[in-house]
Amino acid sequence: MSATLFPNEAFWGERLQIAREFRSLTQKQLSDEVAASPALISLCEKGKKPFPARDLVEAFGAVLGFEPEFFYGPIEDVFREEECSMRHRRSTAEGLKAKVRAHGTLIGMVIRKLRSVLNFPQQNIPHIPASTDEDIEKAAEECRAHWNLGLDRPIKGIGRVLEHAGVVIVPNLVKSDVDAFSRSGPTALIFLNQAIKSTSRWHFDIGHECGHLVMHSGIPTGTVETEDAADKFSSAFLMPRSAFARDFQMMTHFDWKHIFALKRRWNASAQAIVRRAYGLGLLGAVEYRKAYKYMSWKGWTSNGEPEEPTFQEPELLSIALKSLGTKIPLTIDALCKDLHFSRETFEDITGFAVPVSKSKPLEVIPFAR
Amino acid sequence: MAFKVGFEGLLRPIDKIFRIAVEADPQGETTDISWVEVDDAGNVTNSYVIPPTVGKTNVAPAQAAPVELPPPTVEPKQQKAEDKDTKKKKKNG
Numbered sequence: 206m207s208a209t210l211f212p213n214e215a216f217w218g219e220r221l222q223i224a225r226e227f228r229s230l231t232q233k234q235l236s237d238e239v240a241a242s243p244a245l246i247s248l249c250e251k252g253k254k255p256f257p258a259r260d261l262v263e264a265f266g267a268v269l270g271f272e273p274e275f276f277y278g279p280i281e282d283v284f285r286e287e288e289c290s291m292r293h294r295r296s297t298a299e300g301l302k303a304k305v306r307a308h309g310t311l312i313g314m315v316i317r318k319l320r321s322v323l324n325f326p327q328q329n330i331p332h333i334p335a336s337t338d339e340d341i342e343k344a345a346e347e348c349r350a351h352w353n354l355g356l357d358r359p360i361k362g363i364g365r366v367l368e369h370a371g372v373v374i375v376p377n378l379v380k381s382d383v384d385a386f387s388r389s390g391p392t393a394l395i396f397l398n399q400a401i402k403s404t405s406r407w408h409f410d411i412g413h414e415c416g417h418l419v420m421h422s423g424i425p426t427g428t429v430e431t432e433d434a435a436d437k438f439s440s441a442f443l444m445p446r447s448a449f450a451r452d453f454q455m456m457t458h459f460d461w462k463h464i465f466a467l468k469r470r471w472n473a474s475a476q477a478i479v480r481r482a483y484g485l486g487l488l489g490a491v492e493y494r495k496a497y498k499y500m501s502w503k504g505w506t507s508n509g510e511p512e513e514p515t516f517q518e519p520e521l522l523s524i525a526l527k528s529l530g531t532k533i534p535l536t537i538d539a540l541c542k543d544l545h546f547s548r549e550t551f552e553d554i555t556g557f558a559v560p561v562s563k564s565k566p567l568e569v570i571p572f573a574r
Numbered sequence: 013m014a015f016k017v018g019f020e021g022l023l024r025p026i027d028k029i030f031r032i033a034v035e036a037d038p039q040g041e042t043t044d045i046s047w048v049e050v051d052d053a054g055n056v057t058n059s060y061v062i063p064p065t066v067g068k069t070n071v072a073p074a075q076a077a078p079v080e081l082p083p084p085t086v087e088p089k090q091q092k093a094e095d096k097d098t099k100k101k102k103k104n105g
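In order, the protein sequences belong to chains A and B.
The first sequence begins at 206 in our numbering and counts up one residue at a time.
The second sequence begins at 13 in our numbering and counts up one residue at a time.
Read the hints as simulated data drawn from the structure, not as lab findings.
You may find that some hints are simply not true.
Claimed, not checked - Heads up, simulated DSS-like pairs for lysine-lysine below, C-alpha to C-alpha not over 27 Å straight-line:
#1 A:K402 to A:K253
#2 A:K532 to B:K89
#3 A:K233 to A:K302
#4 A:K361 to A:K343
#5 A:K527 to A:K462
#6 A:K318 to B:K28
#7 A:K361 to A:K233
#8 B:K28 to A:K542
#9 A:K527 to B:K89
#10 A:K527 to A:K542
#11 A:K503 to A:K462
Keep in mind the model is a prediction, meaning the values are calculated, not measured.
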């Protein structure tokens, strides 16, 4: 057995656990990969083995895609279960949820480092607990007022609204089993699943996660009640009741042309519009059911709807990463080294490609004999 | 009621006479309203029936423009400190 890597610094088990969960490995699978016993992995993760052998730590790094130094020192901001809201199917495995949280923690490390050299928009999320329908309507209206959005204007890019409030939106990195994920805390974050090709759905998902950040800070989510509340918040935030009702009531009888005109105006799906109209009592139960049956028959509920709105891709993280090496001397390569991520791991975490160094290798001219 | 339309300066003058004709039944209830266009000689050149009841207004309420925010900005932290330094240097210099 070789000596420990850093004799004066303790191995941090939580870092091993996060790296392992990010790679979707069980303790048993990792132990097989590094030729150790599962019990040893467990001891390391629990912090009961503060000075593991150097070769073991190097093996962890090689298998999980981190430099050995990564496993040392405390993590400043771990994404805890109670801080995270996950919009997922009920069958979603615990392992997948742990992976998403681990991914959040790792991307949080990147953001924290970026914040040390760049001025991000200040985090500015109002916290308005709400549970009844009326409270949720008011919470959405207060939230709009807090961000100066008014109560009668559609929102062209809801992502930008959140990014201006200091929330980092990370696109396309979660698996299809999890529709969206958000975390309130020192680093507010939304993971957006873009596997389902529906831009109106993405708008709604961001609104849903916004609802969790605003209403459910410090409250465990994932229950039917909290998910339903977040859906209602999204609906009320995207389509404020009085302005939406005025637009909807321009239709004298149910007309899909008008529903799609509303869709173009409010950047919400026809499903969300019909549901909102029913929720506000603008549409009777029979018309609502008929409309849903029609949408289902047309395949809009399963395969997506026509006339999808344009979608503003999340920009905050991308702008920050693009400024590395251009606006500030710190390069992405240096950032990877600083965080002790391999290039591949950095790309897996951020979805952002690490540019290959353009410098040519030095030409070596041999001495003449 | 008859008048000659002529907007001097702003719009092209139209050499037409318009009349609004209101027809009523023996009880005095309005049955038809027509917008009638006549020439100088009093010949009807066009007429438009104005429906007495309008099912749907064609006046749409003014709609507020959507909220469209600019991209978020991320500025280097050192840059500000450097700017202050250069300003100080300029002042001192």
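Verification of the supplied hints:
1. A:K402 to A:K253: violated, 46 Å
2. A:K532 to B:K89: holds, 10 Å
3. A:K233 to A:K302: Within the cut-off at roughly 18 Å; holds.
4. A:K361 to A:K343: holds, 21 Å
5. A:K527 to A:K462: violated, 42 Å
6. A:K318 to B:K28: violated, 76 Å
7. A:K361 to A:K233: violated, 48 Å
8. B:K28 to A:K542: violated, 83 Å
9. A:K527 to B:K89: holds, 15 Å
10. A:K527 to A:K542: Holds - the C-alpha atoms of A:K542 and A:K527 are around 17 Å apart, at most 27 Å.
11. A:K503 to A:K462: holds, 15 Å
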